[in-house]
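Those protein sequences? They're chains A and B, same order as listed.
For what it's worth, my numbering labels the leading residue of the first sequence as 24, then goes sequentially.
For what it's worth, my numbering labels the leading residue of the second sequence as 97, then goes sequentially.
Calculated directly from the structure, the hints in this document are not laboratory data.
Hints are not guaranteed to be accurate.
To be verified - Cut-off 30 angstroms, straight-line C-alpha distance, at most; resulting in silico cross-link-like pairs (BS3-like, lysine-lysine): (1) K128/B with K176/B; (2) K128/B with K170/B; (3) K200/A with K326/A; (4) K241/B with K200/A; (5) K345/B with K128/B; (6) K128/B with K119/A; (7) K220/B with K299/B; (8) K326/A with K245/B; (9) K176/B with K220/B; (10) K220/B with K245/B; (11) K241/B with K220/B; (12) K119/A with K170/B; (13) K176/B with K299/B; (14) K220/B with K200/A; (15) K299/B with K245/B; (16) K119/A with K326/A; (17) K299/B with K241/B; (18) K241/B with K326/A; (19) K119/A with K200/A; (20) K245/B with K200/A.
Claimed, not checked - Per the computed footprint, the stretches of chain B lying under chain A, defined by three or more beta-carbons under 8 angstroms from a beta-carbon of chain A, are: (21) 175-186; (22) 206-220.
Yeah, the Cβ is synthetic: ideal placement off N, Cα and C, and Gly gets one too.
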Amino acid sequence: MQFFLEVLIGGLLAGMLYALVALGFVLIFKASGVFNFAQGAMVFFAALTFVGLTERLPQWFGFSPEWAGLFWIALLLTAAIMVLFAWLVERFMLRKLVNQPAITLFMATIGLTYLIEGVAQGMWGAMVRGLDLGISDEPVMWLLERHNLMISKFDLVAAAVAGVLVAVLAFFFQYTKVGRALRAVADDHQAALSVGIPLQRIWVIVWAVAGFVAIVAGLVWGSRNGVQFALTFTALKALPVLILGGLTSVPGAIVGGLIIGASEKLAEVYLGPYVGGGIDSWFPYVLALVFLLIRPEGLFGEKHIDRV
Amino acid sequence: MNAEAGRAAVGEPYLVVNNVEVIYDHVILVLKGVSLEVPRGGVVALLGANGAGKSTTLKAISNLLRAERGEVTKGSVSFKGERVDALSPNELVRRGVIQVMEGRHCFEHLTIEENLLTGAYTRKLSRAQLAQALERVYHYFPRLKERRKSQAGYTSGGEQQMCAIGRALMAAPEMILLDEPSMGLAPQVVEEIFEIVHELNAKENVSFLLAEQNTMVALRYANFGYILENGRVVMEGEARELRENEDVKEFYLGLSSQGRKSFREVKHYRRRKRWLS
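With the hints as constraints, model all of the structure from the sequences given.
Written out as structure tokens, the structure is:
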């Protein structure tokens, strides 16, 4: 039982990290009806930019790399760069493609992926870097003593951050004027234009928010596995999460993430031995496939409304 | 009604469309020089068959054309004496001109009330003012109040049309460009919607430019009408005159002194008529 709980909780916490990446997809899909293939690249770009800044800033301005303010300055600058990025995407990509079929936009985001990957490595170099957020990856002591559970402190913090982010975003979408406008744009570009919602500004906002989510995901994943090109593949981990949770639901991304995280760890531990292990790398996709057959819009996704 | 329109027409120019030419995708010439005027407080009908250019004219005014790869290549549009052809739809809504698109275009995953709230995007309203604006819409469309919590996609066609008009009202417009409000609706519902248009016009002094295929109803509620054919205005006049006009009766209402004519004949006659005009 002890062991089962440990695996389950570890899986759930890992699931929160998947959810974090999935969230970026959901945001952009909700607001512009585009499946943003570049989300993974954005995570990579954000993490690399952050690490690059923490390396270069002390050199440029001559202060100690140990200074505590460095983290926040680098974070702020990275956020600013993501806003600039969002603006560029709107100006040079989305604006030209208004009212085009979704597949056209999707193709454009594939192109964008290569561009981001290239620019990121061109700017900061391609070597693998470590990233230390100052949160140790060790068991939480009181849980270990009281309940004899080994739960990583790092995982807990990351999950808490993801949780807060989701709560804020869900509130933003549901109850604010801009959030409502975002959902309106997702439903119908033209109608949104006709009531005076400035599409262009909305897109910049949503890509910027997706950029912020990418920063958080990039930092968490980066400090776990190192900041490297493989970060772009975290996006692939988000796919089954999206299918489970539904492409249009912020809470869906979280629940989907939790289910995927927990089930892949449990499957690995309990089913793995029978098939020679290593099933956590493909189990989520099988789960997603089964789900697609049963409930294609996902757990919380918006049903396609057809009037008959 | 007519006296009112006549008086307004004498005053300063309100919405003036002057010789507008529209080209889609750089090659397709859709409007070949359309000119029309809407006086303050007027209800003007834009009539014509499918593909005559009614919707395009409205979109040329509201500037939704650009999102469809259309472009105004000649002519001008002005509102209250100021050129508005270069404004974004957002800016135009702020100035008081809003379009209700053909086919309703509600945000189907938003509830009716959320739909209405998006209409107030361009206005800076306090919570109380917003509630008041909602109440005003519900006053004209009591049916929307009953359905306020339903997703718009699940409501009936008539309710969606009301939702679309109500949403536009939330922007506190002076002038509504109403595109084909009767499309796909039962006659009683069409009547209901036109009654509300009339009420809005009479009580709130909202001006309307409405594109309609349903010539009969449109001419009953409008005080002036333009008839569009193949991207040109081929006839204009007071609504009552148009209603009495023998040609209009024959071409658009399908009535004639010798009973109904066959479609082929009408079409032929119409073509000849255009060469003459």
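Check your understanding: Is it true that the CA of K128/B sits at most 30 angstroms from the CA of K176/B?
Key -> Status holds; Cα separation ~24 angstroms.
Check your understanding: Are the Cα atoms of K326/A and K245/B separated by 30 angstroms or less?
Key -> Distance of about 17 angstroms is within 30 angstroms: holds.
Practice item. Compare the distance between the alpha carbons of K241/B and K220/B with 30 angstroms, and conclude whether the hinted pair is satisfied. Key: holds, 23 angstroms
Check your understanding: Is K241/B close enough to K326/A, meaning Cα to Cα at most 30 angstroms?
Key -> holds, 24 angstroms
Exercise for review: For the pair we were handed, K119/A and K326/A, check the Cα-Cα distance against 30 angstroms.
Suggested key: Satisfied, since the Cα-Cα distance of roughly 29 angstroms is no more than 30 angstroms.
Check your understanding: Would the pair K200/A and K326/A pass a check requiring their Cα atoms to be no farther apart than 30 angstroms?
Key -> holds, 23 angstroms
Exercise for review: Decide if the proposed pair is consistent with the structure: K128/B and K119/A, CA atoms, cutoff 30 angstroms inclusive.
Suggested key: Holds, at about 27 angstroms.
Check your understanding: Does K128/B lie within 30 angstroms of K345/B when you go C-alpha to C-alpha?
Key -> holds, 25 angstroms
Review point. Is K299/B close enough to K241/B, meaning Cα to Cα at most 30 angstroms?
Key: holds, 21 angstroms
**Study point:** 30 angstroms Cα cutoff - pair K245/B, K200/A
**Key:** holds, 17 angstroms
Practice item. Verify the proposed pairing of K241/B with K200/A, using a straight-line Cα cut of 30 angstroms. Key: holds, 20 angstroms
Review point. Is it true that the CA of K220/B sits at most 30 angstroms from the CA of K299/B?
Key: It holds: about 24 angstroms lies between the C-alpha atoms, which stays within 30 angstroms.
In summary, this structure violates none of the numbered hints.
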